[in-house]
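Dock chain one against chain two, each of which comes alone in its own frame, and use the hints as you go.
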Amino acid sequence: MKPHVRPAKTTPRQLSWGARIVVLVPYLWLVLFFLLPFAIVLKISFSQTAIAQPPYTPVFDPAAGWEGIKTFFGALSSDNYALIASDPLYFFSYLKSMEIAAVSTVLLMLIGFPMAYGMARAPSRWQPVLFMLVMLPFWTSFLIRVYAWINILQHDGLLNQLLLALRLVEAPPAWLASDTAVYIGMVYSYLPFMVLPLYATLEKMDETLIEAAADLGAPRWKAFWLVTLPLSMPGIIAGALLCFIPIVGEFVIPDLLGGSRSIMIGQTVWTEFFLNKDWPVACAVAVVLLCVLLAPILVYQRMQTRDLAGSA
Amino acid sequence: MDNRTAASAGERAAQANGTPEQATGTPALVQLEGVSKRFANIVAVDRVSLTIREGEFFALLGPSGCGKTTLLRLLAGFETPDSGRILLDGKDIAAVPAYRRPVNMMFQSYALFPHLSVESNVAFGLRQDRRPKSEIARRVAQMLALVQLEGHAKRKPHQLSGGQRQRVALARALAKHPRVLLLDEPLAALDKKLRGETQFELMNLQDKLRLTFVVVTHDQQEAMTMADRMGVMKEGGLAQVGTPAQIYEQPNSRWVADFIGEINLIEGHVVDATASNGLAITSIAAGRLRVLGERNAVSSGDRVWVALRPEKVRISRERPPVTDENCAAGQVYGIGYLGDLSIYKVRLDSGLLMKAALANMTRLIERPIGWDDRVWLHWPADAALVLTD
Numbered sequence: 006m007k008p009h010v011r012p013a014k015t016t017p018r019q020l021s022w023g024a025r026i027v028v029l030v031p032y033l034w035l036v037l038f039f040l041l042p043f044a045i046v047l048k049i050s051f052s053q054t055a056i057a058q059p060p061y062t063p064v065f066d067p068a069a070g071w072e073g074i075k076t077f078f079g080a081l082s083s084d085n086y087a088l089i090a091s092d093p094l095y096f097f098s099y100l101k102s103m104e105i106a107a108v109s110t111v112l113l114m115l116i117g118f119p120m121a122y123g124m125a126r127a128p129s130r131w132q133p134v135l136f137m138l139v140m141l142p143f144w145t146s147f148l149i150r151v152y153a154w155i156n157i158l159q160h161d162g163l164l165n166q167l168l169l170a171l172r173l174v175e176a177p178p179a180w181l182a183s184d185t186a187v188y189i190g191m192v193y194s195y196l197p198f199m200v201l202p203l204y205a206t207l208e209k210m211d212e213t214l215i216e217a218a219a220d221l222g223a224p225r226w227k228a229f230w231l232v233t234l235p236l237s238m239p240g241i242i243a244g245a246l247l248c249f250i251p252i253v254g255e256f257v258i259p260d261l262l263g264g265s266r267s268i269m270i271g272q273t274v275w276t277e278f279f280l281n282k283d284w285p286v287a288c289a290v291a292v293v294l295l296c297v298l299l300a301p302i303l304v305y306q307r308m309q310t311r312d313l314a315g316s317a
Numbered sequence: 410m411d412n413r414t415a416a417s418a419g420e421r422a423a424q425a426n427g428t429p430e431q432a433t434g435t436p437a438l439v440q441l442e443g444v445s446k447r448f449a450n451i452v453a454v455d456r457v458s459l460t461i462r463e464g465e466f467f468a469l470l471g472p473s474g475c476g477k478t479t480l481l482r483l484l485a486g487f488e489t490p491d492s493g494r495i496l497l498d499g500k501d502i503a504a505v506p507a508y509r510r511p512v513n514m515m516f517q518s519y520a521l522f523p524h525l526s527v528e529s530n531v532a533f534g535l536r537q538d539r540r541p542k543s544e545i546a547r548r549v550a551q552m553l554a555l556v557q558l559e560g561h562a563k564r565k566p567h568q569l570s571g572g573q574r575q576r577v578a579l580a581r582a583l584a585k586h587p588r589v590l591l592l593d594e595p596l597a598a599l600d601k602k603l604r605g606e607t608q609f610e611l612m613n614l615q616d617k618l619r620l621t622f623v624v625v626t627h628d629q630q631e632a633m634t635m636a637d638r639m640g641v642m643k644e645g646g647l648a649q650v651g652t653p654a655q656i657y658e659q660p661n662s663r664w665v666a667d668f669i670g671e672i673n674l675i676e677g678h679v680v681d682a683t684a685s686n687g688l689a690i691t692s693i694a695a696g697r698l699r700v701l702g703e704r705n706a707v708s709s710g711d712r713v714w715v716a717l718r719p720e721k722v723r724i725s726r727e728r729p730p731v732t733d734e735n736c737a738a739g740q741v742y743g744i745g746y747l748g749d750l751s752i753y754k755v756r757l758d759s760g761l762l763m764k765a766a767l768a769n770m771t772r773l774i775e776r777p778i779g780w781d782d783r784v785w786l787h788w789p790a791d792a793a794l795v796l797t798d
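Residue numbers (this note's numbering), protein chains in the order written: chain A, 6 to 317; chain B, 410 to 798.
Next comes chain B alone, as it looks inside the complex (with noise of 0.2 Å):
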């Protein structure tokens, strides 16, 4: 099913590309076979494989200036590949112009005609194609139901607040009915709560037309919530592609596993990498610790990472039952009370900072755990993971 000749695409791709994806048995849509982009001496994009199946929901997410938006624009045809292939449905339409590709594009900016109404905005890719005048009234007002718009079909675009806007250029770019709908921060625009309902719009939208949308994002909320798989970006190049649950569980490398979430990462070396109950690993600001799950390929002695998300961290006042494993203590930094959660922040005796978080269980205003307190952080074996890169 994955038919990726990518020999020519590099190493980098290849590993980016190399953690297990899910087989949805869904066959490829888009395929892009070691591409790159280059502006004046910027690489914006650098060699790039990936695949994305139909009626998926993909993220490419990263830092502004990983090249995310430009790889869309590649997809859509505002720039051609400096090297690579593009391939649609198994054709490659690298010399296909922007205005014949079957792919639609929302802009960040939304990008909407003023001159024209919310009906003309929608209906201008219908009209391009040249469909009778009953066809695209019909479509027009179909899309304007799907979006919610029914009564706004005669409005300018400056006569709508901004998430209305946002709704107009999702029909239009709707209306077409493109095998690929891509999304440039779609929600970048709109306000907290608007964007949390939006993004279930969205979701829904998509399954209920069974499209395959690919949006660029650099909310990781968002991403995380919104895609079936996604693409982390960085510096150009696809640093990993999963699952969410895959991203955030299993990060490839610590710029993944910090660029994702919060993160504490401890430095140590493998002691025994074939023990049965988990790698055990000797650092200096943590001890002893055990690490239980899939395991990377290491062997006595390397170097490695322990990444440990804040919320799989336990803190505690009491001395926990077991203290010679996966267990540290240290004195309370600080604390962010972020309402349903609070951060903790503990300097460890070896002068490590690690984050904890806490779910706020209770109402309390006053917190049984306070500022310099000291506490013990601890966790199961099962809750870390092992970097090596």
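The following block holds chain A by itself, in its conformation from the complex (with noise of 0.2 Å):
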């Protein structure tokens, strides 16, 4: 008997119906659940406020008809963003939060590539240990272990006693409320999406390049800058997005650990949305920091594709 050979008639245009299923789910997926919330939040920051049930107005009457539709474009404003621009409370939340993120981001990367390269360069058998050990943590509630480090920070906490009992300080210092209590719960929560994107990038590097810049004359720390450094980029990128961008717009951390004297953009959508009631400037001040992250995920993208045409 022959066997029975089908044609192979996809071509990277044309799609079979399964190929077309398979890549319709996730866009659909993001449709649903991402692009569709969001066109909700964009409309309700360019409503009102109001003492109503749900809290802002317009609401789309679809009864209403055409006449519906004119009136509702009608009502939608503007004056949340104006409200946002002229008020500079949001300037500097935005700002701390900037701050905030872009030096935790820093703190990060200099914890986490070390361990990272410690990680790639131990023995192969060691390895998925250690890189259990790094995911450890996620087996445990994020906000259990954001309150154990208040336990840990407090005044009679673990530090303080340890500090006391080495004689390293005089009095307990207080580690709480401050912005040195938030960078800690941050690079402690964050290390993992570090190390983990550096140490796939390091852990494909090939030894024998290291070795090459040696022959070549370079020594240990100019083989270092001018060859594992810039091979780890793709890492050091994805890492720093990684964190840098939910770091902006945590709320948890700067909560529990910061106090009141920091205030996160996070923290003032929260205060808008469950203090004042706000919805509409609270949607705004989301919409406006969704912008702002934007512009480096935009840029990490448009790396990636000039990556892969590279490699390609």
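Hint data in this document are derived by calculation from the structure and do not stem from the laboratory. For glycine and all other residues, C-beta sits at the position ideal for the given N, C-alpha and C. Please note: incorrect hints may appear among the correct ones.
[Said to hold, decoys possible] To give a feel for the contact side, a few chain A residues facing chain B, derived at Cβ under 8 Å: (1) VAL174; (2) LEU207; (3) ASP211; (4) LEU214; (5) GLU216; (6) ASP220; (7) GLY222; (8) THR233; (9) PRO235.
Listed below in structure tokens is the structure:
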């Protein structure tokens, strides 16, 4: 019997039905769970606050037909954005978030790079164990881990007890409700997000490239600077974005460890939503934040496509 | 000239170097004196003593795992010897780190920096030396011209073919004009045709630049084509050092004879070690044998092996005129047709399997000797070699 051979009829331009569905599902997912909620947030950001249910106007009334659509769009305004622009509170809140995110990302890089490098250079039988250890914190709730840090950092907490016991300090310093505590929390929580992409790139790197650099006259530090660092750029960028973007919008860590003095943008959104009950302003703050964060994401995307085009 | 003070180097190394070496008159450049290197429980390099002369094309040949790459890495400075000395220009370089050695290496994987252009790859070493910009540019252009890659200076390594990458790696290693260029399996990644061409390119290049090349290879044809001298390595030690012709025609042991090319080995005993017409040997497998040539220190009654290359064995269907010496009858057991040659496997009446190679001088499809034919193998007295080890 002759085996039945089906000619391959799919080319990259002509997708088969199966392939189309496979591509379509994630797009549907994104439209449904990202684009749609965002459209709602965007709409609310152009609304006015109201003592009603829902607490804003206008509300789109499909029963009113064409006239309804016209009044709906007529009632939208950019007042909330004008408020954000005029009140320096928001500006400083954004600035503070950026500052904390930037400093945290640099700290994460300084701590995460040696860790990832060590992991990648460790004997291969140790690597799964080290990998596991980095992942281990995920096995406990994030919130519990942050509360644990409150315990460690509080006035008579573990850290102060240790410092006093070692006679490094005379009186217990106040850690909580400070930027230091926020940085400790950020670095601790986001470390795996920095280490894992760095590890992924460093682990792939060919060790003989370092030898080649040495052979051509570069001492260790120079070989690192000229070869290791440029080649780990994709991991550095991925790790930085994976940490920077969520840290900018982080709410729990600054709220629990930072106290009232550090007002990050996440806290501002929360305040507008739950204390001021001003959904439109909260939404506008969120939309502005998204636009600010879109810039680094787009930069990253461009670099990725350039890399893909380069290696093709 | 050969100031080998290798009293501590061990008998084995001394023996390995005991084969006659061609005196070329150039001074010794690299000297290894009883160098050993072990990794955990494995002795990678075992008391190797070796002298490589200025301007020489030296090949290290051996099966995989014989320590030839480790030896190369010891020269490059990526490994430090556990014992012994490595001298370059008469100076011990044990304490000199890889980045300060006037030695460059071409890696088997080429190890081109993927983020740098061809030009920057070649310039890398020169930049480490902080040479003036104009000099670097000139030298890079010169190197790229040398390997015929002038038009590819701005390309990245991944935009090049395998052969082009190989040439970039070569240009990069040559750019600093090293005292010794180390090449680790330089042609292994190329296809057969390109490999053949590149062998001759490398030889021309070495000749033109008057550099010292040390190449590691597992391909004996490659080593024999390119090298002025070669060292055959076995289990971390040097089994034999000599010119390709010396190694092929005068192997010092059965192992070397068997490793380099094809060989027939006939075990026997010396009958007469003093006869003027050659060494008389008796064997169970092939009767009486006579070997003419430089004779190893053997005396009557010693057990020896007569080594005979297949191309030196004549095969015929007719009975040769003299059959009482260096002659054996048998039956064709197999024929390997290689195009240029045919290899005949013949089972002698004694049961020993011997190989004879015959050049295919005519374009006949049907060869005069076929399977199961009754044939005679015979050879002149100066075709064979006596081995004791």
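Taking the hints in turn, this is what the structure says about them:
1. VAL174: violated, 44 Å
2. LEU207: violated, 14 Å
3. ASP211: holds, 7 Å
4. LEU214: holds, 5 Å
5. GLU216: holds, 6 Å
6. ASP220: For A/ASP220, the interface hint holds, since the closest Cβ of chain B sits about 5 Å away, which is under 8 Å.
7. GLY222: At about 3 Å, which falls below the 8 Å cut-off, the nearest Cβ of chain B leaves the hint on A/GLY222 intact, so it holds.
8. THR233: For A/THR233, the interface hint is violated, since the closest Cβ of chain B sits about 11 Å away, which is over 8 Å.
9. PRO235: holds, 5 Å
Hints 1, 2, 8, counting from the list given before, are not met by this structure.
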